[in-house]
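Okay, here's what each chain looks like letter by letter:
Protein chains: 2
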Amino acid sequence: MKTSIATVSLSGSLVEKLHACAAAGFDGVEIFEPDLIAGDHSPEEIRQLARRLGLSLDLYQPLRDLEGVDDAVFADNLRRAGATFATARRLGIDTVLVCSNVATATIDSDEVSAQQLRRVGELAAEYGVRIAFEALAWGRFIDDYRRAWRVVELAAHPNVGVCLDSFHVLSRGHDPSGIADIPGDKIFYLQLADAPALSMDVLSWSRHHRLFPGEGSFDLAGFVRHTLAAGYTGPLSLEVFNDTFRQTDPGHTAVHALRSLVWLDDQVAHTLTEATPPTGFDFVEIKAEDTSEVEVLLTQLGFTPRGRHRTKPVSLWSAGAARVVLNEQQARDQVPHVAAIGLQVPDAEATSRRAAELMAPVAYRRTYAAEQPFGAAVAPDGTEMFWSSEPAWVAEFERGVPQGPSPVAAIDHVNLTQPWQTAEDAVLFLTSVFGLSAGEPAEVPGPTGLVRSQVMHNADKSVRLPLNVAPHILDGAGLPQHVAFSCTDVLALARAAQAAGLQFLAIPDNYYDYLSGRFGLAEDTVAELRELNLLYDRSPHGHFIHFYTRTVGTVFLEFVQRFGAYDGYGTDNAPVRLAAQRGRLGTVRT
Amino acid sequence: MKTSIATVSLSGSLVEKLHACAAAGFDGVEIFEPDLIAGDHSPEEIRQLARRLGLSLDLYQPLRDLEGVDDAVFADNLRRAGATFATARRLGIDTVLVCSNVATATIDSDEVSAQQLRRVGELAAEYGVRIAFEALAWGRFIDDYRRAWRVVELAAHPNVGVCLDSFHVLSRGHDPSGIADIPGDKIFYLQLADAPALSMDVLSWSRHHRLFPGEGSFDLAGFVRHTLAAGYTGPLSLEVFNDTFRQTDPGHTAVHALRSLVWLDDQVAHTLTEATPPTGFDFVEIKAEDTSEVEVLLTQLGFTPRGRHRTKPVSLWSAGAARVVLNEQQARDQVPHVAAIGLQVPDAEATSRRAAELMAPVAYRRTYAAEQPFGAAVAPDGTEMFWSSEPAWVAEFERGVPQGPSPVAAIDHVNLTQPWQTAEDAVLFLTSVFGLSAGEPAEVPGPTGLVRSQVMHNADKSVRLPLNVAPHILDGAGLPQHVAFSCTDVLALARAAQAAGLQFLAIPDNYYDYLSGRFGLAEDTVAELRELNLLYDRSPHGHFIHFYTRTVGTVFLEFVQRFGAYDGYGTDNAPVRLAAQRGRLGTVRT
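Taken in order, these protein sequences are the chains called A and B.
Quick note: the first sequence uses this note's numbering, first residue 1, plus one each step.
Quick note: the second sequence uses this note's numbering, first residue 591, plus one each step.
It is worth saying that the hints were derived from the structure and are not from the lab.
This list has only true hints and no planted wrong ones.
Over the 10 Å line for every Cβ pair with chain A, so calculated as not near, a few chain B residues:
1. Arg637
2. Asp660
3. Pro936
4. Ala953
5. Arg956
6. Ala999
Quick list of simulated restraints, FRET-style, between CB atoms:
7. Asp771/B - Met200/A: 30 to 36 Å
8. Arg150/A - Gly1029/B: 38 to 44 Å
9. Ala770/B - Leu78/A: 55 to 61 Å
10. Met200/A - Gly1029/B: 19 to 25 Å
11. Ala770/B - Gln115/A: 55 to 61 Å
12. His541/A - Leu744/B: 32 to 38 Å
13. Met200/A - Gly821/B: 35 to 41 Å
14. Arg147/A - Ala1112/B: 37 to 43 Å
The beta carbon of each residue, even a glycine, is placed where N, CA and C say it ideally should be.
Put together the whole structure using the sequences plus the hints.
Written as structure tokens, this is what we have:
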């Protein structure tokens, strides 16, 4: 697979974009004309820079509003096309993208469009370039790839072919299986973009909300298979207009983008080591210069101190199958925060290979002989992800207390608040590297804005990672994270923790009055929930009881019990929790 | 008119919201149930707080998914309704909003819904409350206000009426004239929201993009007129779900919100002093601790120093009818920025009265006897707006040079970059206080994200104020502003400025190569544009030539000439300008 990307998908200047694409490892790029025009480097300089960087220049784009017009307009369009072809030649690019006419088309005729495209193809041939004709989803008359192909077929010129763009085909719900009927050598170019399932006008959807493959709801593997079946041998190129990527670091976006193509290629042709999803949480690591406040919480919640690491300022706490590592190593000035998540995987070696193949940045930690090595990668939000097949590392902790029984069962989920800049990347990272699935996105109203939430999980949900994207207003503030533990008896745990002096996140009385009316709970049930600051939720499948600790640094703990087949997270209670965290103990901002 | 607002329209805690509404001057509020539940204050405490603040509590909302269900579900719903009515009574609220069933309705029958609403009405009566039934635009079966009224009519219970919400009616394109057929005393409540013309699913549109009256595309004056014609005498209440208002200061939003209602009332009933739109720019003020760099620019551009103010560290420069005031008063540590805009108005007294009626915050400046007083207000972005009918103030400047001829004609437009927090408010402020019109919003791609742009203007376009909303990534960075001057001969001006040593914003060669191909301009024309760093645009109505200076502080200057009936701003050139400002002379960030 030859990989490419349109420069419009990245932020910055054209030169910055080319460097970012080369550094990420792309084979080539499409040059977006406005990027060239706004830049200080001549086409020849760009051509040389690309050569030095080892990037091919695959496409020059776009030439707009060319066909379906009257003769006078066409004469001017032809002059305009000639100028574009001249620039493409100066760039050393042999293919120019022509979009179907949106603005100036007045003649709705395959024959007229074909005749005009043929004339443009003849002109292109004089410049040694060819044109790839693409049906925009909002084209005035030609808005379907099948019609674009019909026109190209009628044009019958060797320098006239089609460009296929997954967004324009799949956003309209057009059946992509017809692609296989186009001769492969007449498909001059293939552009790929994913998109979330949104119901909105297709132009806004395209301009603001495209995503990289694997992040949306399109079947891109199927789309690519149809194109390869047709005999297409050119690059798989990304063209992704997205409000986030337009603003964020092009180096980061380019790696993210290439990962999506590598993942897609694997979906199509099984090119990577097979994903072996995690089977459970191994541990969560909370890091700080001083973790003693977290130790107080864990003690009050009945966790057992299992000892200190034999070589590092790190301690292990456990309850049931839940392990929490407190790390004070290289943590100067850091407040408590979730620094790492350990996952149990069936084959650590295989996971490491796959992570490397998907260009996951490796997380390095100082380790010594006789310590268990972990597979390790840095997630887009900076959280370190570790994996191993056997928790032999537990034996590295010494002088601890043996673990007794506890109402805590395991780590239920770890909630990572994402900066808006990396939210999409995080989804792709977790699905591609670890084979996790992404749940439906939801929105939770908080006192200072909507929080967007999406849960990443393995098949049996023994690993759940809800990703929350905070409102813009919290940019730069400490982003809260939390660790939730499942319990076999959350009421008993809450009662014991209360006796041990735990400071619960205080839930207002009004909530309990509401709860009683909402669910028709018995008075003594509500009284007990109220006394222990417990929250309650119910679904058609079961119910849910949970409570929160105060926030320490940027992290707080949650304890949950799922009754019946309740599968949620008490999302309806999130506004109450967010308000309580804002108003009283702890704080969302730090 | 009695004014009210739903607490869901504001950010913060319920207590913060009530204080914000009272401070702004609202008569009452609707209590959004989740705001109560998440808060620390009991319903009785909220009731007392509202009384102390002089706010009536007009509505408790919402009670969801009540009717159109089978008997078992209805029995549980009735219990739930009773709990809500009990809370409403504790709050001292006599009206509860019931939304049409979205989630659980299984029976599509007016009779069943009416019978169930009647039963709910009977229960409500026991609690001394009444229910206002509202058709949600996405209701399962009842999604039209006419059907909601039919059901209410069938229910035939004194405690059952309708609630009308402009969004739910107008977003579906339903004809609001049927409102006049509903007896006024059966319209229990009226909720108002505006919205931009968007083509997207109505639920997302409603949840994220509602606006205050006057900021969107709905005919709210007509909607209110129909409701008043029906005999409705209750409050005009705002219910606006919007991603921005959810995040920003509730005190600011409450004033903004009330201004929208005052404006709407004026649209309906002409309650305010009539708007007398400005007839032109009087001056632009650039303020800094040291304005000398701006003086260099103005000198190079042929502006005449008209002298210093007789009592203040302020100087006046002019060219043609354009006046620029440079202000070093109370400007310690400030870099050059557009601090104020002076407008010529036909009746300064009337404008001042209207500004006060619309709660525009007054701008105070130190003035002395024998100085011309201005009407003055602070726009939402902090820019001070001044107005007067006669520029007698010019005579306060002494020891200047008499003005000679100049290719500069007047101030063409002043471009104010808006923080995203105040973009909507700015539109309402300028339309309501000054009677300006808002153009269609447009989007401009810049190297670090899309810039949203909307032009505010008077009828003859002698006053144009483009408002730009910068990408989130620039939050906290200095926001660039610019002043554009119209010219009678922009080429002559550019040539003279070049000879005087002006540092133009340098435009890349590629742009001129493109220009030549794009518009088929003559070679010598392009050569001249290139030599002088001039930009060019063409529309079906004429063409446009313009150039920019480097950025000083956060402000740069533009000089433009419109040929024929060209009416734009060279928006297609904005990406080139933004890239040049980012990469070379001057910078977007400061």
